[in-house]
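*Asks:* Produce the entire structure from the sequences given, and follow the hints as far as they go.
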Amino acid sequence: MAKQYTSSFIDKLTYQSNRSVMEVCGSSNVTLREFGCEQSLLSRPDGSASFIQGDTSVLAAVYGPAEVKVSKEIYDRATLEVLIQPKVGLPSVRERSQEQCLRESCEASLLLSLHPRSSLTLILQLLSSFLNAACMALMDAGLPMSCLFCGVTCAIDADGCIITDPTAAQEKKSRALMTFAIDSAEHRVMTSSTKGSFSVHELQQCIAVSQKASEKIFQFYRDSVRRRYSKTL
Amino acid sequence: MKDTPLSNCERDFLLKAIEDKKRLDGRQTYDYRRIKITFGTDYGCCFVDLGKTRVMAQVSCELVAPKENRPNEGIMFFNIELSPMASPGFEQGRQSELSVKLNRQLERCLRNSKCIDTESLCVVSGEKVWQIRVDVHMLNHDGNLMDAASIAAITALCHFRRPDVSINGDEVTVYSPEERDPIPLSIYHMPISVSFSFFQQGTYLLVDPCEREERVMDGLLMIAMNKHREICSIQSSGGIMLLKEQVMRCSKIASVKVSEITELISKALENDRKARKAGEKCGFAESMPQERITALKTDETPVEMTDVTERANEIIQKAEPPLQTIPSLLVPAPGVGQVGQGLQNTWGLEEEEEEEEDDEDENSGEEQKEQTKMMEEEHDEKEESREGHVVQLSDSEEEEVVILHPETPNKTPKNAGSATHQKGATKSKRRQKK
Numbered sequence: 001m002a003k004q005y006t007s008s009f010i011d012k013l014t015y016q017s018n019r020s021v022m023e024v025c026g027s028s029n030v031t032l033r034e035f036g037c038e039q040s041l042l043s044r045p046d047g048s049a050s051f052i053q054g055d056t057s058v059l060a061a062v063y064g065p066a067e068v069k070v071s072k073e074i075y076d077r078a079t080l081e082v083l084i085q086p087k088v089g090l091p092s093v094r095e096r097s098q099e100q101c102l103r104e105s106c107e108a109s110l111l112l113s114l115h116p117r118s119s120l121t122l123i124l125q126l127l128s129s130f131l132n133a134a135c136m137a138l139m140d141a142g143l144p145m146s147c148l149f150c151g152v153t154c155a156i157d158a159d160g161c162i163i164t165d166p167t168a169a170q171e172k173k174s175r176a177l178m179t180f181a182i183d184s185a186e187h188r189v190m191t192s193s194t195k196g197s198f199s200v201h202e203l204q205q206c207i208a209v210s211q212k213a214s215e216k217i218f219q220f221y222r223d224s225v226r227r228r229y230s231k232t233l
Numbered sequence: 001m002k003d004t005p006l007s008n009c010e011r012d013f014l015l016k017a018i019e020d021k022k023r024l025d026g027r028q029t030y031d032y033r034r035i036k037i038t039f040g041t042d043y044g045c046c047f048v049d050l051g052k053t054r055v056m057a058q059v060s061c062e063l064v065a066p067k068e069n070r071p072n073e074g075i076m077f078f079n080i081e082l083s084p085m086a087s088p089g090f091e092q093g094r095q096s097e098l099s100v101k102l103n104r105q106l107e108r109c110l111r112n113s114k115c116i117d118t119e120s121l122c123v124v125s126g127e128k129v130w131q132i133r134v135d136v137h138m139l140n141h142d143g144n145l146m147d148a149a150s151i152a153a154i155t156a157l158c159h160f161r162r163p164d165v166s167i168n169g170d171e172v173t174v175y176s177p178e179e180r181d182p183i184p185l186s187i188y189h190m191p192i193s194v195s196f197s198f199f200q201q202g203t204y205l206l207v208d209p210c211e212r213e214e215r216v217m218d219g220l221l222m223i224a225m226n227k228h229r230e231i232c233s234i235q236s237s238g239g240i241m242l243l244k245e246q247v248m249r250c251s252k253i254a255s256v257k258v259s260e261i262t263e264l265i266s267k268a269l270e271n272d273r274k275a276r277k278a279g280e281k282c283g284f285a286e287s288m289p290q291e292r293i294t295a296l297k298t299d300e301t302p303v304e305m306t307d308v309t310e311r312a313n314e315i316i317q318k319a320e321p322p323l324q325t326i327p328s329l330l331v332p333a334p335g336v337g338q339v340g341q342g343l344q345n346t347w348g349l350e351e352e353e354e355e356e357e358d359d360e361d362e363n364s365g366e367e368q369k370e371q372t373k374m375m376e377e378e379h380d381e382k383e384e385s386r387e388g389h390v391v392q393l394s395d396s397e398e399e400e401v402v403i404l405h406p407e408t409p410n411k412t413p414k415n416a417g418s419a420t421h422q423k424g425a426t427k428s429k430r431r432q433k434k
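From first to last, the protein sequence lines stand for chains A and B. Sequential numbering of the first sequence, starting at 1, is according to the UniProt record's numbering. Sequential numbering of the second sequence, starting at 1, is according to the UniProt record's numbering.
Incorrect hints may appear among the rest.
Footprint (simulated), chain B over chain A, 3 or more residues, beta carbon under 8 angstroms [unchecked claim]: (1) 34-44; (2) 82-94; (3) 110-123; (4) 202-211; (5) 222-228.
Since the hints were made in silico from the structure, they are not lab data. Bear in mind the structure is a predicted one, so any value in this text is a computation, not a measurement. All residues carry an ideal CB built from backbone N, CA and C; glycine is no exception.
*Replies:* Written out as structure tokens, the structure is:
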């Protein structure tokens, strides 16, 4: 049964990622919520994109390749810096770990060795499925990449049901939480970040679900790029 | 990262154009750029587009203890975040001169003008008040950040709703929005900042400078005013001398602009209120333009999930059989952990023997010294030595001495102490020999 949850107001108030939800139990049907993107919406950055999934929106901007600080220079490739800004307050440990997760995903797909001794800066505002926004911003900036990537989050609740793209409340209740970055070339897992306990079977199931969901997101990437370069609405 | 510098050619061109009463984007001297106000899904979230400048403000609240000198006033906190997203020149986490200037100006504009009733934010006098925090994030810097920030901040404050509270004796109950409708802040007036830039030592004046114009300007005058034509703050920077007439003229222009902007804000708030009441979708997602080629939106898409379980099973079957399940951790003695049942701890084996030898030696020695030794004490000794053994993993001699033995009160302290020390010393010597 696919259920629709409306994210509660308290979530909105304390700004947690408020997403409406799709849920899957076993092998039932799953829907991806409506999602949208806009590229090149900021004038200053070299590439920018906003990615919207349900009620969640993330804004990403890329600067680079550009001059790099001597202390951060790497002689054979570009330095990638990722900054995540929370909506309220200053960045904390949570943001730092997300930055690291994202940086590692991006480094895996970007061809950084084509721009030695330069810097790339990726900045994200407003959190949640930030992987998708990051990828679209990198695409907009026209950076050479070996493949695209997208992020899918799965949660396993107390009954063992898999929920994809959970709300903040569901994340709290869930037994385990997994975030995967999946590449577009072979639909392999690029990054996985997990929390909580789960069996091997559950992990494989979540990966399979994420791979299926990723196909839809990649199709969306393709459509949006096609629309952009076709110059017709 | 460094900002792109402005070349002399560009500078001369811009100044020449201003002398000819022309602006790069085709505006007239007193024209504002297009202002667009949108709201996020949650209360107190507001995006302001001023031409290409883009700013987001988010208001949040928290119950805190009030300031000592103002026990029955709520606290207002303003934070302007110059995100590196806005301009490559901005750095993360560093308080630049510009950010301090903007922060101070926003505080003067909104806090010092007393536009918000802070006394209504008091819950329990001297104990609990609401702290209203306004975070302003710069997303794109194309000039005139201050005006955009002030519009975003005041609109977000007007849009914000704080949870309802009730006081029952000493108990303070905060109601969730489902239980009771949240309450808007009481706002007396809406101060809005209007910026004027001056060129050629004040000869030319432009309203709402864009980023390029800001770079070549000589001075800046910021007037914060409300729609009742009351000036809330006035700030001149850049070190130019202004005549009284110039300031008067600017304030007249400001009053016109402020009334226009206030009207726009009330309209935007009204639209949003209607949309929320009707249960329509609102927020950033809805404000996304549809008619652009750079934007695309899809409806809900079903995902084929039929073969997920089978695939997962397949992968697991293909994979190597899982390793033997490991039983829970065994603790044979305090300080010693063992994983796996029936496995001998090979680490400690030799030393255990050595230990026993040691103990025997010691015991025999001590027996010679003191014939009247209680069995209990012997037991204590053994335990002590075992504890010593656990710590012995490092082979530095110094650490041997540092071992903290639990002092047993029923023992004669002097003897026991010396015995253990000797033991430690002998053990370390043995070890070195090995």
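*Asks:* I'd like to know which numbered hints this structure contradicts. Please list them from smallest to largest.
*Replies:* Failing hints: none at all.
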